[in-house]
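Residues per chain are reported as follows:
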Amino acid sequence: MSEITSKTNTGRFFEDFRLGETIVHATPRTVTVGDVSLYTALYGTRFAVQSSDAFAKAIGYPVAPVDDLLVFHIVFGKTVPDISLNAVANLGYADGRFLKPVFPGDTLSTTSEVIGLKQTSGGDAGIVYVRSIGRNQHNEIVLSYARWVLVRKRRPGTPAEFELVPELPKSVAPEALGEGCPPLHPAAYDDALSGSPFRWGDYRAGERIDHVDGMTVEEAEHQIATRLYQNTAKVHFDAYGARETRFGKRLIYGGHVISLARALSFNGLGNAFHIAAINAGRHVSPLFAGDTVFAWSEVLEAAEVPGREDVGALRLRLVATKNLPCNEHPLKHADQYADGVILDFDYWALLPR
Amino acid sequence: MSEITSKTNTGRFFEDFRLGETIVHATPRTVTVGDVSLYTALYGTRFAVQSSDAFAKAIGYPVAPVDDLLVFHIVFGKTVPDISLNAVANLGYADGRFLKPVFPGDTLSTTSEVIGLKQTSGGDAGIVYVRSIGRNQHNEIVLSYARWVLVRKRRPGTPAEFELVPELPKSVAPEALGEGCPPLHPAAYDDALSGSPFRWGDYRAGERIDHVDGMTVEEAEHQIATRLYQNTAKVHFDAYGARETRFGKRLIYGGHVISLARALSFNGLGNAFHIAAINAGRHVSPLFAGDTVFAWSEVLEAAEVPGREDVGALRLRLVATKNLPCNEHPLKHADQYADGVILDFDYWALLPR
Amino acid sequence: MSEITSKTNTGRFFEDFRLGETIVHATPRTVTVGDVSLYTALYGTRFAVQSSDAFAKAIGYPVAPVDDLLVFHIVFGKTVPDISLNAVANLGYADGRFLKPVFPGDTLSTTSEVIGLKQTSGGDAGIVYVRSIGRNQHNEIVLSYARWVLVRKRRPGTPAEFELVPELPKSVAPEALGEGCPPLHPAAYDDALSGSPFRWGDYRAGERIDHVDGMTVEEAEHQIATRLYQNTAKVHFDAYGARETRFGKRLIYGGHVISLARALSFNGLGNAFHIAAINAGRHVSPLFAGDTVFAWSEVLEAAEVPGREDVGALRLRLVATKNLPCNEHPLKHADQYADGVILDFDYWALLPR
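Chains as they are written, first to last, in the working numbering: chain A, 64 to 416; chain B, 64 to 416; chain C, 64 to 416.
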C-alpha cells in the first residue's frame with residue numbers, strides 16, 4: 064500500500080512571512096580550499112590577497128581570506144529555500160557589510176529576519192524585506208545584508224495583515240567599512256605582485272574604467288557555481304521545466320554575473336582587494352549561457368576609513384553588459400538602462416594607501 | 064628504427080577472469096576537501112553532516128565525513144580498467160556496505176575478488192561477478208559491494224571452464240547497517256540546520272515522496288565528475304568514437320545518475336544523511352547530456368539498527384527519470400519499466416531518531 | 064563629471080621589451096588540494112605518486128607532490144599579462160627544468176628575464192625570448208623554462224634596437240634531471256597500485272605507444288582549466304570577440320592539450336610519474352571545443368640519471384591529434400605535420416628502475 068506524503072519543501076508564500084520573525088536556514092557549510100579553487104576556476108579572479116597565503120601573511124592576514132563574494136554566495140544560497148523559492152523577482156540589496164574575514168575551515172550558516180512586508184497593487188504578490196546574517200562557527204557575524212524580493216501569494220487577493228517598508232541606507236557609511244579587514248602593513252603590500260601600481264590615492268571620483276576583457280558563460284559553469292553555493296533556485300538548473308517559461312531556457316544566477324564582473328574588474332582595479340560593503344545592486348536583465356559578459360566601473364566616491372591609515376575606500380559602480388564591449392561605458396539612455404546592460408552594482412572596496 | 068609495442072591496457076575479457084582470484088586495482092587516491100567541493104558543485108548535495116564540520120562535530124564525528132557516494136565512485140572507478148573495460152553492460156549491484164566513514168586526507172584503494180562466472184547463452188560474452196573492497200590507508204575496509212557485469216569474450220564461443228553464480232542477499236540485514244556511522248548524539252542534531260523536521264520515526268513503509276526538482280546535465284559536468292573518480296570507461300569521454308555506437312553519442316556514467324538522484328532526494332529526505340548499504344541497483348536506461356533528471360523515493364521498510372538508540376534505518380527505493388517529472392511516481396507498467404525511468408536503486412539510509 | 068582613464072593593462076608590445084630586464088609577474092598563487100582535485104577532474108590523470116599521499120610517502124615523498132604540468136600552467140599563466148597579451152603566436156619552449164617538487168600549500172610566483180629579441184622580416188612583429196622562473200614561498204626555484212613568442216609591434220616598421228637570438232639546448236642533459244625528484248625507494252614502489260608493470264628498463268629508444276583512448280573537450284572544461292591557472296589570454300574566453308577572428312571561435316589553451324595528452328599517456332606509460340624536463344614543444348594546430356584528443360608517444364632516448372640508482376629517464380615525444388585515433392602514429396608527411404596533429408611535445412620523464 065502506497066501513501067503519497069508531502070515532506071518536500073514547497074517554499075514560503077507572501078502570507079507565510081511574519082514581520083520580525085527570524086528564520087534559521089538549513090545546511091551550514093564549511094568553506095575550504097576546494098571552494099577557493101573552484102571559485103578561481105569559475106571566474107579567473109586574480110586579487111593577490113585572496114590568491115596567495117604568502118602575500119596575505121606579509122600584509123597582516125593569518126592566511127589568504129576567502130573571496131568576499133564567495134562568502135556572499137554561500138550565505139545567500141542558504142536563504143533561497145526559505146525566502147525566494149516562490150519569488151517572482153529579486154528586487155534589490157542594501158546595507159551589505161562584510162564584518163569579519165572568512166578563512167578556509169570556517170563554517171558558515173545563515174539566519175534571516177523579516178524586516179518589511181508590502182503588498183503590490185495587483186494583489187497577487189508582495190514584497191518581502193529580509194536582513195540576512197551569515198555567521199561563522201564562533202557565532203561571529205561575517206556578513207549582514209538586506210534584500211527584498213517579490214514573492215507570490217498563496218491565495219492572490221489576500222490582503223496583507225501588516226505593511227512596513229524598512230528604512231535602508233542608500234550607502235554604507237565609511238565608518239563601517241574597516242571591520243572585515245585586519246590592520247595591514249601597506250609597506251609590505253607589493254604592487255608588482257598585486258598586478259597594479261594604482262593605490263587608493265590614485266583614483267578620483269568620476270573616473271571610469273573599461274575592464275576590456277570579455278568572458279563567455281557556459282551552462283555547465285553557472286550550474287557548477289550555483290550548486291557550489293547550494294543555491295537551489297530551480298530556474299538555474301531545470302532546462303525541461305524552463306521550456307514553458309518566459310525565456311524558454313535556464314536563467315543564470317545573478318550572483319554569477321556579479322562575480323564575473325568583479326573578476327573582470329581586476330584589470331584596472333587590481334588593488335581593490337576587499338569588498339567592504341554592498342550599497343545596492345540591481346540585476347537589470349537576465350544572462351543566458353552563450354552570452355559574453357563585459358564590465359566597466361565608475362568611481363562614485365573616495366573616502367577615508369575613520370581610524371585607518373593603512374587602507375582607503377572607493378565607492379564603485381560596477382556595470383556588467385552582455386555581448387556589448389564597454390569602451391563607451393554603456394549605462395542609461397534617459398532613465399532607461401541601455402540595451403545590453405545586465406548589472407548595476409554599487410559597492411565599497413578597500414585599497415591599500 | 065621504430066618498434067611498435069603494446070604496453071597499453073586492453074582490459075580483461077571473460078576468459079581472463081579466474082574464480083577466486085583477487086585483483087589489485089591501480090591508483091590509490093587521497094580524498095581531499097577539493098574532492099568534496101567538486102562533489103558539492105557537481106550535484107548540489109546539501110546533507111548537513113557532510114557539508115559542515117561544525118554540524119558533524121556536534122553530533123559525534125571528528126569532522127565532516129566524505130559523502131558515501133563519492134567514496135563509492137572512487138572505489139568503483141579503480142575497478143574499471145581491470146573489470147569492465149570490455150563490458151557490454153553493468154548488470155547489477157548487491158550487498159554494498161559502507162563500513163567506516165571516510166574523511167578528507169584518507170587514501171582509498173580497491174581490490175576485487177572474482178566470486179562468480181557464468182556464460183551467456185549466445186556464447187560471445189559472460190557474466191563476471193566480483194566483490195570489490197575499498198580500503199583506507201590503515202587497511203580498514205570502508206566499502207564492500209558485489210557487482211556483476213556482462214563482459215565480452217576474447218574468442219566468441221569459447222566455453223567457460225567454471226561456472227558459479229554466487230548467492231547474494233536481496234538486501235543487507237539491519238544488523239550490518241551501523242558500522243559506517245559512529246555513535247551519535249541525536250539531541251545535538253539540529254533539525255533547523257539540517258533542513259528537515261522529519262526524523263526516522265516520521266517515515267512509514269509505503270510512503271512515496273516526489274523530490275520535485277529537476278537537474279539538467281551537461282557534457283562538461285559528467286565528464287568532470289567521471290574523471291574526478293578516475294573512471295576510464297571510454298564511452299563517457301570519446302564523442303568521436305561514439306559516433307559509431309548504438310547511441311551515436313557519449314553515455315553518462317550510471318553513478319552520476321545515482322548521485323544526482325540522491326542529491327535531489329534531499330528535498331523530502333533531508334535527514335537521511337548516511338547511506339549505510341546498497342541493496343540493489345539497476346540502470347534501466349541511459350542518460351545523455353541535455354537530459355533533465357528528476358527523482359522520487361519510496362520507503363520500502365523502516366528498521367531499527369540493533370544496538371543503536373541514536374539512529375534508525377530506512378530502506379528506500381530511489382527512482383530517477385529523465386525529462387519526466389515524478390509527481391506520479393513513474394516506475395513500471397506491467398513488468399516493464401515505464402518510459403523515462405533511468406534508475407531503480409534500493410538502499411538503506413540512516414536517520415537520527 | 065566623468066573622466067575616462069586608462070588603468071587597465073594593455074600588455075607589452077615588441078618595442079616595450081628590453082634585453083636583460085626582469086619582469087616580476089603578478090598574482091602569487093597558493094596551490095592547494097583544491098587545485099589538485101580540479102586537475103584530476105579536468106584531465107583524469109592517474110599517476111599514483113600524485114594521486115595518493117600514502118603511495119608518495121611509501122617511496123620517499125613527504126606527501127603527494129602536485130602534478131608537474133599543474134605547476135607549469137600556474138607558473139606560465141602569470142606571464143601572460145606581461146609577455147603574451149599582444150602575442151600573435153606562441154612559437155616554442157626549450158630548456159624547461161622542474162627543479163623542486165611542489166606540495167599543496169606552497170605559493171608560486173613567477174619572474175621572466177628577456178633573453179632574446181629578434182624582429183621578423185615583415186617588420187610588424189618580433190620574437191621575444193624569455194626565461195621564466197617559478198619560485199615557491201621559500202624563494203626556491205621550482206621551474207625554469209625558456210619560451211619565445213611572436214609579439215606585435217606597437218608601431219609596425221619600427222626597427223629593433225637590439226637583436227639577440229639566445230642559444231638554447233636541443234634537450235636538457237640527463238645530469239639535470241634528478242633535481243625535482245627526491246631519492247626514492249624503488250622497492251616500495253608498488254607496480255600493481257601504480258597500474259603498470261613496466262619500469263624504466265622495459266622501454267627502448269624507438270618504441271612507439273598508442274595511448275588508445277580519446278577525450279572530447281568542452282568549452283566549459285578548457286575555460287575552467289585556463290582560469291584555474293589565472294591565464295588571461297582572451298582568445299580562450301571571449302566568444303563574442305572571437306567571431307571576428309580567423310577561426311571565428313574560442314581557441315583552447317595549448318597547455319590544456321599538453322595535459323590531456325599527458326593524462327592519456329598513462330595508458331602505456333603509467334610509471335613515467337615525473338616530468339623532469341621539457342625539451343621542446345610545438346602547438347602544431349589549434350584545438351576547439353567539440354574536438355576529441357588522442358595521443359601517442361615515441362621513446363626518443365633512455366638515459367641513466369647520473370648519481371641515481373632509483374630512477375631512470377626516458378626522453379619522450381608526445382604527439383596529440385584531434386579527431387584522429389593514433390594507432391598509426393601520425394606525425395609528418397615529408398616535412399609537413401600530418402593533418403590532425405595538434406601537438407609535438409618533447410620531454411624527459413622519470414621512471415622507477
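No lab work stands behind these hints, which were simulated from the structure alone.
Heads up, some of the hints might be wrong.
Copies of the same chain look alike in the list, so a pair counts if it fits in one copy or across any two.
[What the hints assert, rightly or not] Cut-off 27 Å, straight-line C-alpha distance, at most; resulting in silico cross-link-like pairs (DSS-like, lysine-lysine):
(1) 181 to 163
(2) 70 to 395
(3) 312 to 120
(4) 233 to 395
(5) 297 to 163
(6) 395 to 120
(7) 120 to 181
(8) 163 to 395
(9) 163 to 120
(10) 181 to 297
(11) 181 to 70
(12) 233 to 297
(13) 312 to 163
(14) 233 to 120
(15) 297 to 120
(16) 163 to 233
(17) 181 to 233
(18) 233 to 312
(19) 70 to 297
(20) 163 to 70
Here is what the structure says about each hint:
In this assembly of identical chains, residue 181 and residue 163 lie within 27 Å of each other by CA distance neither inside one copy nor across copies; the values are 32 Å within and 52 Å between. Proximity of residue 70 and residue 395 under a CA criterion of 27 Å is satisfied inter-copy only: 23 Å between copies versus 47 Å inside one chain copy. In this homomeric assembly, residue 312 and residue 120 never come within 27 Å of each other (Cα to Cα): the closest approach is 45 Å inside a single copy and 41 Å across copies. With identical chains, the CA atoms of residue 233 and residue 395 are at most 27 Å apart within one copy only, with a shortest distance of 20 Å there and 58 Å across copies.
For the identical chains of this complex, residue 297 and residue 163 are neighbours neither inside a copy (31 Å) nor across copies (34 Å), given an alpha-carbon limit of 27 Å. With identical chains, the CA atoms of residue 395 and residue 120 are never at most 27 Å apart, being 42 Å at best within one copy and 52 Å at best between copies. Taking identical chains as interchangeable, the C-alpha atoms of residue 120 and residue 181 are never at most 27 Å apart, the minima being 47 Å within one chain and 41 Å between chains. Neither within a single protomer nor between protomers do residue 163 and residue 395 lie at most 27 Å apart by alpha-carbon distance, with minima of 35 Å and 54 Å respectively.
Proximity of residue 163 and residue 120 under a CA criterion of 27 Å is satisfied in both settings, with 16 Å inside one chain copy and 23 Å between copies. For the identical chains of this complex, residue 181 and residue 297 are intra-copy neighbours only, at 25 Å inside a copy versus 46 Å across copies, given an alpha-carbon limit of 27 Å. Neither within a single protomer nor between protomers do residue 181 and residue 70 lie at most 27 Å apart by alpha-carbon distance, with minima of 29 Å and 44 Å respectively. For the identical chains of this complex, residue 233 and residue 297 are neighbours neither inside a copy (31 Å) nor across copies (36 Å), given an alpha-carbon limit of 27 Å.
Taking identical chains as interchangeable, the C-alpha atoms of residue 312 and residue 163 are never at most 27 Å apart, the minima being 38 Å within one chain and 43 Å between chains. In this assembly of identical chains, the alpha carbons of residue 233 and residue 120 never lie at most 27 Å apart, being 34 Å within a copy and 41 Å across copies at closest. In this homomeric assembly, residue 297 and residue 120 never come within 27 Å of each other (Cα to Cα): the closest approach is 40 Å inside a single copy and 31 Å across copies. Taking identical chains as interchangeable, the C-alpha atoms of residue 163 and residue 233 lie at most 27 Å apart only when both belong to the same chain, with a minimum of 22 Å there against 53 Å between chains.
For a Cα distance limit of 27 Å, the shortest separation of residue 181 from residue 233 inside one copy, 19 Å, qualifies, whereas the shortest one across copies, 56 Å, does not. Taking CA atoms no more than 27 Å apart as the test, residue 233 paired with residue 312 passes in neither setting, with 34 Å inside one copy and 43 Å between copies. Proximity of residue 70 and residue 297 under a CA criterion of 27 Å is satisfied intra-copy only: 18 Å inside one chain copy versus 40 Å between copies. Within a single copy, residue 163 and residue 70 get their C-alpha atoms no closer than 36 Å, and across copies no closer than 30 Å, so neither meets the 27 Å cut-off.
Of the numbered hints given earlier, the model fails hints 1, 3, 5, 6, 7, 8, 11, 12, 13, 14, 15, 18, 20; all others are met.
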